[in-house]
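Participant: Residues per chain, in single letters:
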Amino acid sequence: METIHLENSRGRPKAPNPEQVELKFSDQAVQELEALLTHYPDKKSAILPTLWIAQREYGGYLPPEAIAEVAVRLQRSYAEIEGVATFYTMYHVGHPVGRHLIEVCTCLTCQVCGAYRIAERLKAKLGIDFGETTEDGVFTLEEVECLDACDRAPVLQVSDAYIGPVDEAEIDALIEKLRSDPGSGTIRLADEIVKAQLHANEQRDIR
Amino acid sequence: MPELKLLLKHKARTLDEYRRIGGYAAFQKALAMDRQAVIDEIKKSGLRGRGGAGFPTWIKWNGIPKQKTKRHYVLCNADEGEPGTFKDKELMESTPHQVIEGMMIAGWATQADVGYIYIRAEFMDCARAVKSAIDEAYAEGLLGKNIQGTGWDFDLHVHLGAGSYECGEESAMMSSLMGERGMPRLKAPHAPLPTIAGLWDSPTLINNVETFACAPHIIQNGGDWYAAMGASTKNSRGTKIFSVSGHVNKPGNYEIEFGTKLSDLLELAGGIKGGALKACIPGGSSVPILNAESVAKAVIGYEEIGEVGSMVGSGGCIFFNEHTCIVALMWRTAKFYMRESCGKCTPCREGTDWLFQIHDRIIKGGGRPEDINLLKQICAQIDGRSFCGLGDAAAWPIVAALKVFPHEYEYFIQHGKSIVDTPQSKLMFPYAEPVPV
Amino acid sequence: MASLAQEPGLVTITIDGTELQVPKGELVVESVKRLGREIPIFCYHPRMKPVGMCRMCLVEVGMKQPDGTVRMMPKPQAGCTLPASDNLVVITDSESVIADRRGVLEFLLINHPLDCPICDRGGECPLQNNTLFYGPSTTRYVEVKRHLPKAFPLSRHVTLDLERCIQCGRCVRFTEEISGDAQLAFLFRGAAMTPRTFELTDLDSKFSGNVIEICPVGALTSSDYRFRARPWDLETRPSTCLECANGCSVWFDHRGGKMVRINGRVNDAVNEEWTCDKGKFGHGYLNAPDRPAKPLIRKEDVLAAADWSTAYQQIVAHFEDGRTAVAGLVGAKVSNEDLFQFKRMFHRHFHSPNLDHRWTRILPSQTEGVRGLHGIDEVHTRIAEWESVNAALVVGNDLASDQPMVYLRLRKAWQRHGAKVVVISERPTYADHFASAVIRCEEGKLFEAVARLSAAVLQNREGADALRAALKPFAPDAKDRAAAEALKGEFFTVCSESVYAKPDGGKTVSALANLAVGTDNAQRFNLYPVGANDMGAALLGVHPGGQGMNTREILEGCIQGRIKSLWLLECDPFALWHDHQQVQDALENVEFLVVQTSAPNQAMQYASVVLPCCAHVEADGTYTNIERRVQKIEAIWRPKGDAKPSWKLFTELMLRMNPSRPIFEPSELMEMIIAEDESFAPAAYHNLEGNGACLPLGVDAGAQLFMEIYQ
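Protein chains in written order, with my numbering: chain A, 28 to 234; chain B, -9 to 427; chain C, 114 to 824.
Same shape as in the complex, but just chain A (with noise of 0.2 Å):
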């Protein structure tokens, strides 16, 4: 949980006006976002999947613009939607997060198979505990809870697939190979998120 910081103002700075809110999202996902709330009979039901939406347009997280973006596309208040975002832990919301984002399932399953000597190495080798970014903004590491895939524990959730189960001495070669690759698993898997919501014919019409 965030510090908040005391002041001694009387009163806090507002937020914006709707009006002010500049939106962001792209054609893309301004289509993705009409077809999403075809699904539903409001708009409201609509607002996990464009939050999914604004975590990918706003780089893999949620800084307040997108909150307040999607609150207004939506027409919802904007504490609603933090208050709907935050609930959520695949949802990051005021905090950038690594391209990469390595989930330790540490759950019982995982637990008596070894996953905290899985996380220990992890923290060793990425100089980083759970919850912190590397500090070149490639790696962040979270410890989650069960992954459901407890055939394969002690298992690894890295972006939108699971590995498992992982040996100790796989990890560095892991680590490697995610380092290369310069694109970003966090925004690939709220992308795919998006995508796997949307019916073939919705997405043909998308361009």
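None of these hints come from the bench; they were simulated from the model.
From a predicted model like this one, the values you see are computed outputs, not experimental measurements.
Please note: incorrect hints may appear among the correct ones.
[Stated by the list, open to error] Below, a list of computed lysine-lysine pairs in the DSSO-like style, where the Cα atoms sit at most 27 Å apart:
1. K416/B to K222/A
2. K393/B to K407/B
3. K71/A to K135/B
4. K407/B to K150/A
5. K601/C to K70/A
6. K620/C to K558/C
7. K71/A to K41/A
8. K70/A to K58/B
9. K152/A to K204/A
10. K393/B to K416/B
11. K407/B to K70/A
12. K319/C to K263/C
13. K71/A to K258/C
14. K70/A to K525/C
[Unchecked claim] Covered stretches of chain A (in silico footprint by chain B; criterion: 3 or more residues with CB under 8 Å from a CB of chain B, positions within the stretch not fixed):
15. 182 to 194
16. 226 to 233
Where a beta carbon is used, it is the ideal one built from N, C-alpha and C, also for glycine.
Based on these hints, arrange chains B and C on the given structure of chain A.
Facilitator: Okay, now just chains B and C, sitting in the frame of chain A:
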């Protein structure tokens, strides 16, 4: 007893493959049947919900109003999140059409207009498989407008979550699908059932992936045929997929007939690995833990497994060998529930946090003799008092662990270290050595 | 016990062994109150949807079986969400229930800082009270408590202390369900869940003060009231808010002659129990240090303290029989009795009709107003009726600012049964978010917008051919036609007199009245006043009434020298009139200026005589709100210095001019009002206990159209 494969019998990712193994024949059959007859078949089958609670499926199907005044919805709970469970994942990845066909049969029987399949966003392989299956089904006219000339319209959408265990609870899933924080909603007797007022206040049928996947088989072969399986049990019919993991030689999903012994399941999974069997969580992290003695006695069935004090749950069966520290295991369980508690109600929000903090102190060597009683009382203050089942589920494993393995807690508290003092057991701790306080 | 005979709509339930009948579906937490019992609560609030979050209200529940046995449910149930149904059995005092309450309180307290001695809520804190009655006396929690920001200034009015929050969600639900601005939401989840504004920006709401009152702990406190007093040091008296014309019931907390805070008081007819921020935080002037305490008389260039007699002498000299050369202007916070006596003094002793209470740019005469042009009353709908309307047309300034309680009721109508609302305004308004159509027009184009919508509405209707023809020049666009869909059948119109401040305000009002008349919705037309007792002033005839000069003419008269003496009663023209220069010229030029006021104002520097009068909390009096509800306000503390109730001051002056029987009580004045205007009969003082009494509404003379505005 060997495996009895029904849902896991084939792998058929594409529509062509699925048709080759007789796919969508059940749906065609259902379309020719009276809607009520479809529901009656489900009733005859004795199918119970495979998500964890084991509620009779037909009651939900039958509860959707027959006189339609609003849109009807079908919602597939594919937010598999229970630690130890990965059966829905395999069902969706290997044979997505089976799940879709089940949803379509349910949709037909309940006059639904739209179906959603709510998949956790981590399961991208599932999401892609289901999405491409839905695309194929649309292309073949199995979904969409005027399906097979019946005049019935049915749309099916994939909806992905965003990381929340609580969304697997059916009312929280509805909240999440409607764009809210994934918090549970009021249930009967405080509010109408989802079958009357679910998604957007309209009648909504919610079933688990595995439950839907059973429907085509029941319709195709008849409810009586299905009910014949598991006949040795009191009230559990058909087959059940168990996700077996932990210290076993061949972790994976195993589909067995109800009435199979738990020890047979262990055998199917290649037997225990790395030491003697010590404990088993037979149905996902929420269900009470069993010791080796109980595992030997346990028969798999909703009522039968209750005789040894546990539950079928979601079928996430984790076996543990003798190098497992139960206190560390419960520490991790408590952490899971603390991190996944939605925060809506006081007992779960504060209680899970407290349970974790006490465990954390104990495994760091700071346990106090009174902690055991305190843990029990906190659990009692959560169990049955929380808004939804997540609170109960957070309390049960700890209550059971304190009952089945009390000496492990006592030892840890007294000595500041685990009774299981082997190199393998050290793996379970995030701290290389328990740090004495 | 034999079952009672069942009445329709009622169900028989048993609470702690007592059988009783309650409406079907009533929440158990409410049913229990019928027996004089209580279930402790935190998150439940009777005016918001129950959520069952805090679990404080857990009770044991069972169903009585046909054979007389009771089948108990395996788990305790939340009493705040459980609807009463036949044969329900509720146990609120078993050992298990008592243990559950202790458990919930223990959980709530593990992370709650025990800073009660420095907490504003201490002494009136539901958490303190429930802990005292139902909670554990010690804690078993030895871990480190949660640490979060304290004393965070969430807005100018509201301070947030996250450590104290017990996550009941009342504040979040208030902004979502009641005020509708959704400014607060829960962020994060589990034990980290906290209510916040977006990015901790300003809590920018017209109703934010309510969250302070409904917070069951000291998490949301009033920035103004912080550390000012302990609840037990305060004297609490019922009063009525005069910051606008809604007349909300409030609790007035004072200490040592100073107003300390305002809280909402339950009044189901008006404000339910809410306040708006304007009212809750707007009474600071009562504490102004420089409130006039003695009459002041100008000697040379300086205002010097004087006695009443000298002041009266001068006033009589300048006003008595002043005829058309004297005039009076009145503010909004003047009681009916004061107004009546002021008017009597002007008419009987000064023989002047030059009186006005209106300060808008447009000041229609009796023949130009709604009643004159359209033959209908200005007001037809009571505040509480707004929550059951099905369709409404909202025109002009933000309804939430002008008529906050009408706004809350209308929003409730939308939320409860989907009322269709059309908003026409120049700027964004609070009602936009639930309106089925919003017509945003340019500044100064309200009239055209109303006319175009009128044309669209009439396209769907039979009759009113003449009006339709007159509206020919106003071609509706697609948006107007879409909006007209919502106004197909019966609809209510609401507009405030603040619209008269706009250049086209008069035409806008007339166009609205035409639309209402032309669609048979005249009985649903409303043009509400904005100032606290504007309605009283209008009903009592504190206006020129066809013979005298109106506000504009009076100010012009002062400049031109036609008005020699001017009396300002509780009003500051600099704050009220749009043309400052005109005010300055008028006040500089007028020979003799009486400024009668309870608080210092800018006009005082031009005064010949300043008369200190009582504010509403210092004198008894009645006030008439927008729905013509006459409510009595009683004096709460003694007047400042020598200040007098205005009516008393006028009475004394009148006695000087014409010795007669004096008046001792304001109730006598009300009797005189009633004698003069029998429509005031319901407002006799003996009827005014409780929530006051309503005067007749919707007194229509015969509706008619007025087409000239369209030319």
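Participant: If a hint holds in the structure, say so; if it does not, say that too.
Facilitator: Evaluated hints:
no.	hint	result
1	K416/B to K222/A	violated, 43 Å
2	K393/B to K407/B	holds, 20 Å
3	K71/A to K135/B	holds, 25 Å
4	K407/B to K150/A	holds, 25 Å
5	K601/C to K70/A	holds, 26 Å
6	K620/C to K558/C	holds, 11 Å
7	K71/A to K41/A	holds, 24 Å
8	K70/A to K58/B	holds, 24 Å
9	K152/A to K204/A	holds, 14 Å
10	K393/B to K416/B	holds, 23 Å
11	K407/B to K70/A	violated, 54 Å
12	K319/C to K263/C	holds, 24 Å
13	K71/A to K258/C	violated, 36 Å
14	K70/A to K525/C	holds, 21 Å
15	182 to 194	holds (count 4)
16	226 to 233	holds (count 3)
Comparing the model with each earlier hint shows violations of hints 1, 11, 13; every other hint is respected.
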